[in-house]
Structure formats: structure tokens, C-alpha cells
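Mind docking chain B with the ligands on chain A? Use the hints.
As they're listed, the protein sequences go chains A and B. Position in the first sequence (from 1) plus 137 gives the number in this note's numbering. Position in the second sequence (from 1) plus 1 gives the number in this note's numbering.
It should be emphasised that the hints constitute simulated quantities derived from the structure, not laboratory data. A hint or two may mislead.
Unchecked claim - Listed below are the simulated DSSO-like cross-link pairs for lysine-lysine, each with C-alpha atoms no more than 27 Å apart in a straight line: (1) B:LYS14 - A:LYS162; (2) B:LYS14 - B:LYS65; (3) B:LYS67 - B:LYS7; (4) B:LYS44 - A:LYS162; (5) B:LYS40 - A:LYS190; (6) B:LYS17 - B:LYS160; (7) A:LYS162 - B:LYS67; (8) B:LYS65 - A:LYS162; (9) A:LYS162 - B:LYS17; (10) B:LYS14 - B:LYS40; (11) B:LYS40 - A:LYS162; (12) B:LYS65 - B:LYS7; (13) B:LYS44 - B:LYS65; (14) B:LYS46 - B:LYS17; (15) A:LYS162 - B:LYS7; (16) B:LYS104 - B:LYS7; (17) B:LYS65 - B:LYS104; (18) A:LYS190 - A:LYS180; (19) B:LYS14 - B:LYS44; (20) B:LYS17 - B:LYS7; (21) B:LYS65 - B:LYS46; (22) B:LYS14 - B:LYS46; (23) B:LYS160 - B:LYS233; (24) B:LYS233 - B:LYS104.
To be verified - Quick list of simulated restraints, FRET-style, between CB atoms: (25) A:SER213 - B:ASN60: 36 to 42 Å; (26) B:ARG109 - A:TYR326: 19 to 25 Å; (27) A:PRO278 - B:LEU214: 16 to 22 Å.
Ideal Cβ placement from N, Cα and C applies to all residues, glycine included.
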Amino acid sequence: MAMLYAGPIQDLIDELARMPGIGPKSAQRVAFYLLQASTEDAKRLAHAIVEAKDKVRFCERCFNVSDQDLCEYCRSTRRDPTIICVVQDPPDIVAIERTREYQGLYHVLQGALSPIEGIGPEDLRVAELLKRLRTPEDGSPAVAEVIVATNPNIDGDATAMYLARLISPLGVLVTRLASGMPVGGDLEYADEVTLGRAIEGRRRLEG
Amino acid sequence: MPGLYKDEGIVLKTIKLGEADRIVTLFTRENGKVRAVAKGIRKTKSRFGGRLEPFTQVNLMVYKGKGALDTITAADIITSFDSVRNDYLRLTSGAAIVELVEKISEERERSFPTYSMLLGALQSLALGGTNVVPAFLVKLLSISGYHPQLTVCAGCSRKDGLVAFSPALGGVACDGCRREDHNAVRLTPGGLALLQRLLANDFGQDSDRDATLDLTAALRGYAEYHLDRPLKSLRFLVATG
Ligand SMILES: [Zn+2]
Ligand SMILES: [Zn+2]
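Bound-form chain A, shown alone (with noise of 0.2 Å):
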């Protein structure tokens, strides 16, 4: 899109273009709303965003966001440190929690594998995962499993494979999570290759 306004509010409409999943039009629809927000609003925006940037850091351990050195499942003496379930994104652990069903700890690569994008291992922090699965006096196995719970798409396979052929070798068991219906979902409308992977996965009943 041409430059169409003068100075400051194309230099908004840019910065705002530049975040994920914004493009120009919505960039210029939120410049213009914050223009006519009151100067009050926009104060408290800004503040938010410099706030957050000084004062969240990533967990030196697992890469979550964190506001002290280790985050709260690091640092947390009732979390299993055996398991360990490696995710994209914090928000994924978010999701992960709120199932109630995990006690381990995590890890964030801070993205997935991308062959298409040209987004290789060295640019995710899997060196730092490595790192946590062996113990620093003899280096044997530090840890009995790892979750893999990247997405179920090309990426996100992608890096599930990659790790798998990283770890199995040291002898850390490395499992992914199943893929299948969606709960609540309606067998006849169901895709092939999500139906396929369901029966592939499927589990025994206790009668």
C-alpha cells in the first residue's frame, strides 16, 4: 500500500502493520481508532506495552515468560522434573494447564521447525533442551520422558520427528500427543487423515 498520510500516523500505520496477523488495512483501521481513543487510553496502552517489555523475561530453564529467573513451574517443588513436555509457544502451556492433567515441567523452542520458512533447529532453543536431559556429573539420563506437544501440522511434525531422532538415541523415552475427533465432534464429517491417525491411536477400553 502507497503512503497515503503524513508522518506520524503512517509511521503507527507501519509499526502496527509489522505485528502477526496485521496487515495494512487493519493497521490503519486500529491507527485511526487509536486517534481517536482519548490521549488517557493510548497513554495506558503504551505504558502496558514498555511495562511488559522491561519487566517479563523468558525462564532461564525452560524459556517460558517469566518475571523472576525461573518461572513458577521451575521453580515449583511439586511438579515432576522427570517429564518434560516441550511446547511452541507459552501460550500452549497455558492451554496445556488448564487440562489439569499434566504434574511435569516444560520447555518452550519459542517456535517449530519450519522447512518452508528455512527455520532451522539452531534458531529454536533445542541445544537448550538437550542441555536438561542429561545430568551434568556422569550424563545419563536426567529425564524419563518427553512430551512432544508441537501443532499437528507440517511444522509442527516436522520438529516432533527431528527431536525424536535427536533423543531416542540417549535413551530418554520421547512420545507425542495423540491426534484424532475432536471431542464433541461428528464421525462422518470427519477427514481422512484425521480419522486415520484417530484409529491409528486408538486405545483400549476396560470392559
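Showing chain B with the ligands alone in chain A's frame:
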């Protein structure tokens, strides 16, 4: 004219759009490369489910509106190629193949040869075929107007002493001509023989690993020279395969 049309295509890539949608790029049988919106696809209960993931061959219903992008109204799987996604090397190879098609094709330029070659490459990958990536590269470049000179030196027409592949000359080169192109890549006799074999035959030619790597590097240079941009998946494949 606005309205619905039917087509069949292979998904090349998808990118997020807004909160719940994706823009899906396909190579279709009738309309060539098409970019279309799949509304709501990122919701868990979307009716698209896993039908528009990369590599999937689908029957499509598409609505052509007044805007720049069409909208996919229905998709049914013809072949899922899930076995390409279930293996690391096949997946990264498939990514390199769809990226080349995506970058070399113009939107809405129909090409049956490209479509059937893409389908053939995915079928071969699914069956565990080897050398599918370099074979696909040289075949697609060849039908896209970049047929490489492989029998004599592309610079001076010498018939012997061919030791390199030169992207700028568009083919194999002798030691003298190789020096004129700083992007030229060394090619072993095994690599050259493989290149000739890949171009002349169907997918699934065997070779030793060194010849494959050699050749993939040479063809990557050739493709990037003409496309004038990097082929990220191919670099990824070479770096992590
Ligand atoms: Zn932590
Ligand atoms: Zn020559």
C-alpha cells in the same frame, strides 16, 4: 465473472490470516497456481479439518468473488500423502518440491506437465523413492525454460573434461569455463552421470549419497540463479537431512 468453479489441486503452502483463517496456495490442474482463503480452518471443529495441509491432493469447490483472493467452499481428499508427512526425510524433501513449484509458477498459468510432475514426485516420495528432489529439480527446470546443457561444455562445447555445473552458463562446464562463473559447483563423474539419468528417466533412480548431495547442491545453485531468491527448504534439507 463471480461464481463457483471446481478444480483439483495439490496444496503447496498455507499461511495464517486473521484469527481463524488461512490463505492456501495450491497448484491446480485447470488453473495453475491459485491462492485462496479457507475460512475458519484453524478452529478445531472446522469442516476443512486436515484436508488442506501441504502435500494433500484435493477436489475443490472455489468461489471466485470480486476481491483478489478466491474462497474455498469445499475440499475433499483424493490422496492425503500422509506418509510423506510421517517421515522426516520425506517431509523435508516434499517441502523442497512444493517450494520450487510455488516459486517458479506464475499465478493462474495452467500447466499439465507441472501438475503431473508434482503428483509423480509426491507419489514416488510416498513409496520411499530416492533422489526424488534432484530429479524433480532438473525436470521442472527443464520444462520451465531452463533445460540444462548436459552433454557438452555449456561454454565452449568441449565434449570431455566436464568437471562442474555452471548456473550462469546453464549446464556442465570444463575446467576453463568453470573459472568464468564463481557460482559454478564441482561435479564428480558420478554426479554428472546421475544428472543425465535423472533427466531421462522416471522418479526413483538409485545412486550413492555423495552423488546425490553433489547434484542437489548444483541444482539448487541453478534454480536460485534463475529465480533470483533462495530456496529455503532446499537449504534446510541439505543442512539437516
Ligand atoms: Zn521455567
Ligand atoms: Zn568449456
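Against the structure, the hints:
1. B:LYS14 - A:LYS162: holds, 23 Å
2. B:LYS14 - B:LYS65: Cα-Cα ~20 Å, so holds.
3. B:LYS67 - B:LYS7: holds, 17 Å
4. B:LYS44 - A:LYS162: Judged against 27 Å, a Cα distance of about 23 Å means the pair holds.
5. B:LYS40 - A:LYS190: Answer violated: B:LYS40 to A:LYS190 is near 33 Å, above 27 Å.
6. B:LYS17 - B:LYS160: Outside the cut-off at roughly 51 Å; violated.
7. A:LYS162 - B:LYS67: Holds: A:LYS162 and B:LYS67 sit about 17 Å apart, inside 27 Å.
8. B:LYS65 - A:LYS162: holds, 21 Å
9. A:LYS162 - B:LYS17: At roughly 16 Å apart (the allowed maximum being 27 Å), B:LYS17 and A:LYS162 satisfy the hint.
10. B:LYS14 - B:LYS40: Measuring from Cα to Cα gives roughly 15 Å; hence the hint holds.
11. B:LYS40 - A:LYS162: Judged against 27 Å, a Cα distance of about 18 Å means the pair holds.
12. B:LYS65 - B:LYS7: holds, 11 Å
13. B:LYS44 - B:LYS65: Holds, at about 23 Å.
14. B:LYS46 - B:LYS17: holds, 17 Å
15. A:LYS162 - B:LYS7: Measuring from Cα to Cα gives roughly 30 Å; hence the hint is violated.
16. B:LYS104 - B:LYS7: Status holds; Cα separation ~24 Å.
17. B:LYS65 - B:LYS104: Holds. B:LYS65 to B:LYS104 sits at ~23 Å (cutoff 27 Å).
18. A:LYS190 - A:LYS180: Holds. A:LYS190 to A:LYS180 sits at ~15 Å (cutoff 27 Å).
19. B:LYS14 - B:LYS44: holds, 18 Å
20. B:LYS17 - B:LYS7: Holds - the C-alpha atoms of B:LYS7 and B:LYS17 are around 24 Å apart, at most 27 Å.
21. B:LYS65 - B:LYS46: Holds - the C-alpha atoms of B:LYS46 and B:LYS65 are around 25 Å apart, at most 27 Å.
22. B:LYS14 - B:LYS46: The hint holds at about 21 Å.
23. B:LYS160 - B:LYS233: Since the Cα atoms of B:LYS160 and B:LYS233 sit roughly 34 Å apart, the hinted pair is violated (cutoff 27 Å).
24. B:LYS233 - B:LYS104: holds, 11 Å
25. A:SER213 - B:ASN60: 36 to 42 Å: violated, 51 Å
26. B:ARG109 - A:TYR326: 19 to 25 Å: violated, 31 Å
27. A:PRO278 - B:LEU214: 16 to 22 Å: violated, 33 Å
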